[in-house]
Amino acid sequence: MSEPEDLELEALQRQLDDAFETTRPRAGFEDELWTRMQAHRPAGTRLRDAWLGLVQGIREVPAVPMAAVAAVLVVVLGAGALVYSGLGRGGGAASTAAGGAESAAQPGAAVSSLGAFGRLPSPALAAGATRGPSSAQPGAAPAADYAGLVALKWTGKLVLNMGTAPVFRYQEPSTNAADQFATSLGAILVSRPAGFLGSYQTTDLSVRVRGTIQSPVSEPTFIILPIASVGAIDAAGGPADLALVFLAEHSLAPSWQYTSDAVSAGDVSKVTLYRQFGVTGYGFAYLVDGTGQRYGLEVDLKGGRPTAATGPLPLSLDSAPYAIITADEAVRSALASAPAVAGSGVPTATLTTAELVYSLAVAGDHSFYEPSILFSGTFTVNGTTYVKRVLVPAVNPSQRSS
Amino acid sequence: MVADRQPFEDLYRAYLGRIYAYVRAQVGSSADAEDITAQVFMNAYQAYARFEARHTTPAAWLFRIARNATLDHFRAHGRRERLRRTIEHQPVAEEDPSGVAEERIQYRALLGRVAQLPERQRDAISLRHSGLSFEEVGALLKCSEDAAKMLYHRAVKALKEAVERESV
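So the sequence lines, in the order shown, correspond to chains A and B.
Every letter in the first sequence is one number past the one before it in this note's numbering, and letter 18, counting from 1, is 147.
Every letter in the second sequence is one number past the one before it in this note's numbering, and letter 150, counting from 1, is 133.
Excised from the complex, chain A in its bound form (with noise of 0.2 Å):
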């Protein structure tokens, strides 16, 4: 090789030394990613940081949250006036179906081989909300939880029939994802405060997008609210139908199953589109957060306006069949959840009721939506009645991870 050649390949590795030495992120993408990554994390990791920070003593570390090593929690839920309707029913009003209610896969999930998602994470179920579902009133303040022992038995019926059903499956959304959610509203990028992955505005409208949240357990979620006074939705019907209109004009109704349930005091309304799953062999499953309570996407109205708007991020699932447990074997783990109590004064819960239900497990760069068994019942205390779920994974254990 001649000298100047030496000289020229020379210079060019040069160049690419300083390329690669002084081609970074953008301002702020470490930190940002660095947010994402803790909010991310699984229990293990933060207890296992936590205990590096003890041992070593120069890094502080967030508490473990005591809900994210729980397989089954028993959630029990106050209520002064029994919040009752929509569980374990039909729940709300008028149903549309994106795949048609016929269908038992989810619109649009790439569909894998049974158990295709390896070992599962259990759901991640945390105590929290108290509301009921279709009874809250806008504003409403929560009942009580219930915080002594509480026996368990279990009175109703609970048929399976299928052998498996599906998990669905999202990957992480990144900051490029949500601006393409952005501006398919036609909104563009205003900054990315913490704990988000952009706030972004249209001329009327402003849209803030994050991702996963480890707890309380949350899917990546868009919030929308108008800038200034929004007009009324020019549209006849009830409050569900000016929901579906104001979702509808900006893009935003659903591509899943739903059903759909209004709530009203005064002007003030708040119409939700509960969240489903189909599942072949047993019809719709409704999506429940950590305390057991159906969600999906949510309107607030006043005087026909809307005022906010809360939902999923649209993301792409994939779903692969995976076995799941026997109803027997779901009335046992959920009996099996409630501590041995001896000794009068403890009361009893009869659970009556039992649903497939599906619940959000967070896992990293991937959740999982999976199956569970949602049991239902009541107990009375000092004359106050008060609503008990246990939530019970479906999958079977030896699918779980955790």
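Hints are computed from structural coordinates only; laboratory data are not their basis.
Even for Gly, the Cβ is constructed at its ideal location relative to N, Cα and C.
It is possible that some hints are incorrect.
Residues from chain A that keep clear of chain B, each with C-beta distances beyond 12 Å, as calculated [what the hints assert, rightly or not]:
(1) Gln309
(2) Leu334
(3) Pro345
(4) Asp396
Label-pair distances were calculated between CB atoms; the ranges are [to be verified]:
(5) A:Gly474 <-> B:Arg33: 18 to 26 Å
(6) A:Arg143 <-> B:Arg33: 32 to 40 Å
(7) B:Ala92 <-> A:Ser530: 45 to 53 Å
Given the coordinates of chain A, work out where chain B should sit on it, guided by the hints.
Showing chain B alone in chain A's frame:
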């Protein structure tokens, strides 16, 4: 022994920029590079409990994850687009205007040229200039240290020729 391990945050802070630059040289778009970099560190965070320093260096471990994530990205999205760009010799598009200010413009074209090299040559240059030794580059590319050196030098020559063709 867990306590012997460097806290992951130190690793993250030390290598984020280098991993990003490596990925950026592969994909030619800052938005894709951010997505893949995020994926790399999410995966690494989950797998860190299984990382064993006696078997490999943190750098080699992270770059292995980055390489796999980049290949996954190509498999899932960009192979056809990359091929089209290579055939047409188009400069790589920069979609993110804010990214322009944060990257040195004079080096973007060079990294774009790197991105158009054949896969192993591209990897050899990117890994080497991300600070890995030839031994580590060889381990990642499943060849000997000497073969990695040879591959790298061929890659630099190919890059030089590509730059010269471009300037003609």
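Taking the hints in turn, this is what the structure says about them:
1. Gln309: Per Cβ check, Gln309 (chain A) is inside 12 Å of chain B; nearest 10 Å; violated.
2. Leu334: Non-interface label stands for Leu334 (chain A): nearest chain B Cβ at 22 Å, farther than 12 Å.
3. Pro345: 21 Å, holds
4. Asp396: Consistent with the label, Asp396 (chain A) stays out of reach of chain B, its closest Cβ about 43 Å off (over 12 Å).
5. A:Gly474 <-> B:Arg33: 18 to 26 Å: 49 Å, violated
6. A:Arg143 <-> B:Arg33: 32 to 40 Å: 38 Å, holds
7. B:Ala92 <-> A:Ser530: 45 to 53 Å: Given range 45 to 53 Å: holds, Cβ gap about 46 Å.
The structure fails hints 1, 5 (numbered hints given earlier, in ascending order).
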